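> Chains as they are written, first to last, in the working numbering: chain X, 1 to 60; chain D, 61 to 286.
Honestly, I wouldn't trust all of these hints.
Short derived list, chain X residues pointing at chain D, Cβ under 10 Å [unchecked claim]: (1) 22; (2) 39; (3) 45.
Since the hints were derived computationally from the structure, they do not count as laboratory data. For clarity, every value in this text was computed on a predicted model and none was experimentally measured. Glycine residues also receive a C-beta, built at the ideal position from the N, C-alpha and C atoms.
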Amino acid sequence: MHAAIQVLADAPVYLTWGWVSVSVPNLIAILVTTSLLVLALVLPFPKGRHPKGRHPKDDS
Amino acid sequence: MSTDTVRAHQAPPTSWIGRLRGRLERALPYEKLLPETQPAYVASWIYVFGVLTLAALAMIVLSGTVLAFEGPSWYHTSRTGLFVNSLHFWSVQLFFLFMVVHLAGKFWMAAWRGSRAKTWITGMVAFVASVGAGLSGYTLQTNFDSQWIAFEAKDGLNAVGIGAWFNVADLGQVMLVHVFFVPAVLVVIVAVHVLLVRIHGVVPPIDAAEVEARAAHHGREPGEVG
Chain X
1 MHAAIQVLAD
11 APVYLTWGWV
21 SVSVPNLIAI
31 LVTTSLLVLA
41 LVLPFPKGRH
51 PKGRHPKDDS
Chain D
61 MSTDTVRAHQ
71 APPTSWIGRL
81 RGRLERALPY
91 EKLLPETQPA
101 YVASWIYVFG
111 VLTLAALAMI
121 VLSGTVLAFE
131 GPSWYHTSRT
141 GLFVNSLHFW
151 SVQLFFLFMV
161 VHLAGKFWMA
171 AWRGSRAKTW
181 ITGMVAFVAS
191 VGAGLSGYTL
201 QTNFDSQWIA
211 FEAKDGLNAV
221 GIGAWFNVAD
231 LGQVMLVHVF
241 FVPAVLVVIV
251 AVHVLLVRIH
261 GVVPPIDAAE
271 VEARAAHHGR
281 EPGEVG
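Isolated chain D (complex conformation):
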């Protein structure tokens, strides 16, 4: 790095981009963004469900992209299309299963402790957005089941006053909402959620000090797992 570059980095920022860079560098250095080790208490199955939810989401996006490019006449009729359609459906089932276990685990752990309120809130918003993604997906099955779900949902959406602009009986609108709007919103919220986990760290269990002491007693450094 040249002397001029070092000086430029040390000088106070003169624009909003510089101020933003400074804030990001302080809040999320590379060691926090991509850590190699985790605290000892993370060695528990309950901490696996967040990443399992992310893996299921990746599978949903991947299979959904294939479905979007090939179209309904392919995924409703061909054998490969039906397989990818089922892959998409079952990834959603696993996504919700893992997310509910992750949510329950974090709730009983009081995961909003230690300045983690925003992490908790973005998780809850992601859950609600996922319900919207699930609903729009179920109504796209184009069978009696989806028809029943759409018309039950229509009453609910009308009751809360948003049925006029989100009409689940309009298949074209639901299709576009499902393949573009909801996934885009969901992926952004999940990305913010994961970055907040990186900034504030994984929430310790209520008896974290005891777990760390036990780990140290067994010859591992406190704050280390792996």
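Isolated chain X, as found in the complex:
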């Protein structure tokens, strides 16, 4: 646990490709956000159920 905290507290490692420079923590945040967006678009949404003996159409 202490080792993990130390890694977080240290100066971040930067990755550089030409003019692109990004710190590893920022890259992780970007990848997590992008993955979440893609998963939200492709994962199937669970089918809901109506309460027993009642249907929304009954209200109208």
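Chain X is fixed; fit chain D onto it per the hints.
Just chain D, lined up with the frame of chain X:
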């Protein structure tokens, strides 16, 4: 309802309060304010991120209220205080994560379609106000990290000409801005944003007609999910 009351409701309004009530009743009837069903296309994970952002905001306000009442000497030293402080911090991380996914989803969906420009604009204003809330919060950590953030921000704020009245190096001012001004503005903007979503409805995806037809084919009524 008595006959007099019915007549009073049907009569044209004579004051600005009556006119305002009429406008609100027409724009936001109870069925729109608290709907029981949503269109079939809302059954997608991408539509969950708006409410997740709201849940994270509620957690931020709740934990922030506890921090405000107990004070820095409690949340910087006691174990419970450090826990609530961390809860506040991580709620903010989730708030921004969910909000950015919500924003990206709505951007690619062109969510300003169908008279929803104001909904889009209030969302964007809420995003900018959240950045202000985040900045003032980061500078309240009172550590080397917050010191660095404050002095980087100070240069930026001076450059745009507002550093004279919003001074991030003034801890007392930043504290009051963070615990009162920014949350009040943010909560009002978010409330307007949510009401606009209720008035205009959730934005349909670009292929909404196809989704609705598919839902109808599978035995569900168009315009129904749940």
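> Check the structure against each numbered hint from earlier and tell me which ones fail, lowest number first.
1
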